[in-house]
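Colleague: Chain by chain, the residues run as shown.
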Amino acid sequence: MPLSQPLLSLIAYLLLAIEGGIVSILIPLLIAPRVRGLFKEERFECGQTPPPYGRRRLAMQYYPFLLVFLVFDAASFILFMWVYVSRVYPIYSFLIFSTLLFLLLPPVLLVRKLAEDIRQWW
Amino acid sequence: MDAQTKDVRDSVSFWLIISLIVILIIGWAIEGNVLIDFLVDLVSGPQVLTNPLFLSIVFPGLLYVSIVAAVAIYVERKIAAKIQIRIGPQYAGRVEGILQVVADGIKMAAKEFVIPRTVDVTFFVAAPILSLTVGMLSITVVPFSPTTVIFPFPANLLLFFAIVSFFPLTALLAGWASNNKFSLIGAARALFQQASYEIPMLISALAPALLAGSLRIEDIVMAQKDMPFLFPAILSAIIFLAAALAETEKHPFEIPEADSEIVAGWMTEYSSMPYALFMLAVYVKMISLSTLFTDLFLSGWLGPISLPPEAWTVVKSWIVLLIFLTVRALFPRIRIDQMLKMGWGSMLLLSVAGLFLAIALGMVVGL
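For the protein sequence lines, the chains are D and U, in the order given. Be aware that the first sequence starts at 1, since it is given in the working numbering, and climbs by one per residue. Be aware that the second sequence starts at 1, since it is given in the working numbering, and climbs by one per residue.
Some hints could be false.
[Stated by the list, open to error] A partial selection of chain D residues facing chain U, derived with a Cβ cut-off under 10 Å:
#1 Pro-6
#2 Leu-8
#3 Leu-26
#4 Leu-29
#5 Ile-31
#6 Ala-32
#7 Phe-69
Treat the hints as calculated values from the structure; they're not laboratory data. Virtual Cβ for every residue (Gly too), placed ideally from N, Cα, C.
Please take these sequences and the hints and turn them into a complete structure.
Modeller: Quick look at the structure:
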């Protein structure tokens, strides 16, 4: 099946970008000198002896921001429907989507309060 | 004691792999006479500007993005130097260190790519390639003229933001794969920052879409033939610029890779060309966001003087890019709690206020 012109451009572009990335990584692996060192392959710990594990627990106080982001991300994509509805029902769509924005105000106030109090967790 | 290992530069395998890559590229290009069609179009006139290979390889594809990124890196260093009463790059190349970027590229390629033994190798190597690819993908839907777009799409504004949502995931992948506490903290900071500023950016971009009545960027540009949307949507434009700075992790939003706090953030364990790929991806994102800003608020390829439309888009996007580069030298880095407070408080509320202001001013000017 012949590909359409735009799809051909996109595929060519993506393939070249990925290929460029792969070649860029291959070049130093092939041409750069490799000098083995005692601590070179250990994880970086600013001169300290690296502990056996590198992945630590993340601070809990940042978790609500991600939850609120999930809600807002979905809501903002719904807001994009306003663009099409506004041409047909301008007043009606303005009222509906303004109400939606108003309903999103409590999470905004919550995360703003969390951001102000975040230094208490330090 | 360190032991000098034998390098592979004069081994047969190096040349075999290079030859294989070249053969694969030529073979893929020749399949279906794609390369021949491209070469015929190249010598036969201006219709080459709509040739899919030209769009993806030359303009606005890989070649354009790579050259602009290289020039932007040099210009940024020079601007920062002049603001800080320094000279900046001086010695590479005869004139004002103009070949500094080339020298840096060669240096990066000749440095050893150290893969620590504790990392998740697959994702550690894949993360920079993915970061560059996602950055490059963001420019495919941004039009430089009605016909100069790599991937035309009916709702390309929405598609652009869908691609932008992937930006923090590559940082998270790199940070997690590195198995290093500094990398993980940097990756988490990148995620929180880009999540916090994506919503104000989305809502700010909604203002010109509402004024034009379309989610297609080409329609938004054509709706600005009487007046750029910068004037009715001035607040949205400012919020969009600030949010775009945060998305690209440039000063004052350089929290994910705060050098004085967490070494290099999610790029701590990276060296050589993978590190350069991450840097290139950042500048590619800046180029795509500045071009989108040009299309949304500065009337894109429309201009008072009769010039090729692509020229207008490039000139205007460069003006926006210069703003990004100059801001880097003017502001210190903010703290993460300041960033969160600003993103979820003032930026979000101002973006909504800007939206309503744009609607009101749009009604006044008759849009």
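Colleague: Each hint: holds or not?
Modeller: Verification of the hints:
1. About 5 Å separates the beta-carbon of Pro-6(D) from the nearest beta-carbon of chain U, less than 10 Å, and the hint is met.
2. Satisfaction of the interface hint for Leu-8(D) is found here, the shortest Cβ-Cβ separation to chain U being roughly 5 Å, below the 10 Å cut-off.
3. Proximity of Leu-26(D) to chain U holds as hinted, the smallest CB-CB distance being about 7 Å (cut-off 10 Å).
4. Nearest Cβ of chain U to the Cβ of Leu-29(D): about 6 Å, under the 10 Å cut. The hint holds.
5. A distance limit of 10 Å between C-beta atoms decides the matter here; for Ile-31(D) the minimum to chain U is near 5 Å, and the interface restraint holds.
6. For Ala-32(D), the interface hint holds, since its Cβ comes within 10 Å of a Cβ in chain U; the closest pair sits about 4 Å apart.
7. Hint on Phe-69(D) holds. Least Cβ distance to chain U is approximately 4 Å, under the 10 Å limit.
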